[in-house]
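Residue numbers (the numbering used here): 1 to 497.
These are calculated hints, taken from the structure and not from any lab test. Beta carbons: idealized from backbone N, C-alpha and C, even for Gly. Check the hints yourself; a few may be wrong.
Stated by the list, open to error - For each label pair, taking beta carbons as the anchor points, the in silico distance ranges come out as:
1. ALA181 - ASP331: 27 to 35 Å
2. PRO493 - ASP395: 51 to 59 Å
3. VAL65 - ARG187: 30 to 38 Å
4. ASP310 - ASP331: 26 to 34 Å
5. LEU166 - ASP422: 48 to 56 Å
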Amino acid sequence: MSERTLKEIMSQRLAKRESLLNEGVNPYPYKFDRSHLITAALEDFDQLAEKTEISFAGRLMSRRVMGKASFANIMDGSGRIQLFISREEIGVEAYTLFKGLDLGDFIGVSGKLMTTRTGEKTLKVASLTLLSKNIRPLPNVKEKDGQTFDGFEDKEQRYRKRYLDLIVNPEVKETFVKRAAIYRSIRKFFDGSDYLEVETPILQPLYGGASARPFMTHHNALNMPLYLRIADELYLKRLIIGGFEKVYEFSRNFRNEGMDRTHNPEFTAIEWYEAYVDYHYLMDQVESLFKHLCADLGQSTFSFKGHEIDLTQEFQRAPMAELVAEHVGIDLATANEKELLTVCRKHKVDVDTNANYGQLLDELFDALVQPHLIEPTFVTEYPKAISPLAKHLRDSDGTFVERFELFIAGSEFANAFSELNDPVDQRARLEAQAALREAGDDEAQVVDEDFLQAMEYGMPPTGGVGMGLDRLIMLLTDNPSIRDVLLFPQMRPESKG
RNA sequence: GCACCGCUAGCUCAACUGGCAGAGCAGUUGACUCUUAAUCAAUUGGUUCGGGGUUCGAGUCCCUGGCGGUGUACCA
C-alpha cells in the first residue's frame, strides 16, 4: 500500500547514493576507527571536555539545521549524543555533505566535547564521514525529556520488523540484554556445581521426553524422516547412563501446536540431570537457583502480572491431591473415578468421560488450583497416569509419582522428577503411552527402543528438571507475552488479503 | 476454536447521522550560527488491508476473506 509515496522518498535517497558514487565518495566505506562509545565518553565528560579529540560512530536520528550551523543526534550501541556542526568549523564541502544526509544514515564524527548554552553535553564536530547511506525511511520518532512522541507502536510491525523496534524503542533492548544476563547466570550456577554443558540432537529419528506433536522433516541422503526435538530429556538420560553424572543443556525445542501469549512453536528450555539425587534434592536446588539468579540480577522482588513476588523466600511445597482436596472440600486420596467425575461436573470442569483418575485430578488442579498459586509453590506427587518418565512415590501404592512442578503467579515454571530408572517399568509405561496413541491421542509418547536399551544397561538413581526459559524471562522482565522476550517471534506471513 | 477490538500518507492519528480523504512529524524548496518534539514560509505525497454488495454517493452501512491485538477455551 502507498508504495508510490514511499518510492518517491526512496528514489530521492537512491539518487543521493548515485551522485555520491559519481563524485567518488563511497557511501559504504569499510571501517571507521572510533575512540569512544557514546555513553563512555559522556561518563568521562569532565576528563575529556574541550581537551581531547574523540570520535564516535552511529546512526543519525534527528537534526536541527539553522543556516550555517546545525545540531543533530546520533545513536550508537551504547546511547545517544548531540552533535554541533558549524560550517565555519568543518568547511563548506563537509557542511554540504552533512545537509545532504538523511535520518537513518550512519556517520563517523570526530571533534571535542563541549557544553551548550542550555547545558547539554555535545560533540563539536570537526570532521564527518558517511559510513552507510540509508535509502528507506525509518519510523519517525520524536523525543523530549525521556518522553517519546509519535512512536513506532504497531505491535504487529514491531514483531515483524524487530530491527526497527530495536532502533526506535531502545527499552526493547533491555529485555534482551537481561535475557543474556539470565543465561550467563544460569550457566555460572551449573558450571560452578561441576555440571557439564552438552549439546544433543535437534534432529531426532524419534521424538520424546514430552507430550506434544512434533515438526517432521526428511533427510535426503539417508532417505528417512527426522523430527525436530520436542525435548532433550531422553538424550540427557543416555548421557547419565554413559557416566556423565551431571549434565545440562539449553535446548531449543519445537512443538507443532497452537500459538498464543505463552506459546511459540520454537522455544527454549533448560534441562538438567544429576545422578544419585531425588526430587527432594531438586526442590532445594531449584530454590537456590532462583536465589542465585536474584543475586546476580541484584533484585529479589519481581513484579509480574500485577503481583509482587519475592523469589528469595522459601517456596511452599504441597501435594497436588491435597491442594485440590482443599479446594473442593473432599478427601481425594480415597475417591474413585466416578466420584472425581462428579466433582468435575460440580465445579464445571469440562472433562472427557473416559478420563482416568490421574487425568481427572490433573484437570481439577489446572482449573481450580493453579490460577491461585501466586507465591512460588512446588506442587508435588503427580498422578502416574500423566507421568510416564517418573518414579513411583516411595512407600506407596503406585498411584502417584515423585514429581513436582513449580508454579509462580499462576504459571508453571519447572517440571521435575525422580527419574524412572527401572527398564522393565519404563518399557511398560511407554507401551501404555503407545496404546494411548493407538487410541487416537496424538500427543502420547512413542516407544524409543534405543532409549529403553540404554536403560537396560543400567541407569543410576537420577533427578532431572526442565525449566522453560522464555517464561522465566517473561517473569523476570515483567513481559506478559512470549513475543516480547523472543527477538523474532513466529508470525503468519503478511498477505494482501 | 469462539468473542471483542483494530487495520486511513514513511511514522502517529483525525474525518459528525453515508456527502469534496485531512493534520502533525518525516520528505522536498527557501530563510536562519547554541538548537533540542527547533522555528518560519511554501510544497509533494492516498488501491482508506483485499474482494463483493446496498446507495445518486461508502473510510463510514451489509456480506466475505486476510493480518494483528486482547480475553476465553483447548493444549503442555
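### Structure-inconsistent hints, enumerated in ascending order
As far as the earlier hints go, 1 and 3 are violated by this structure, in ascending order.
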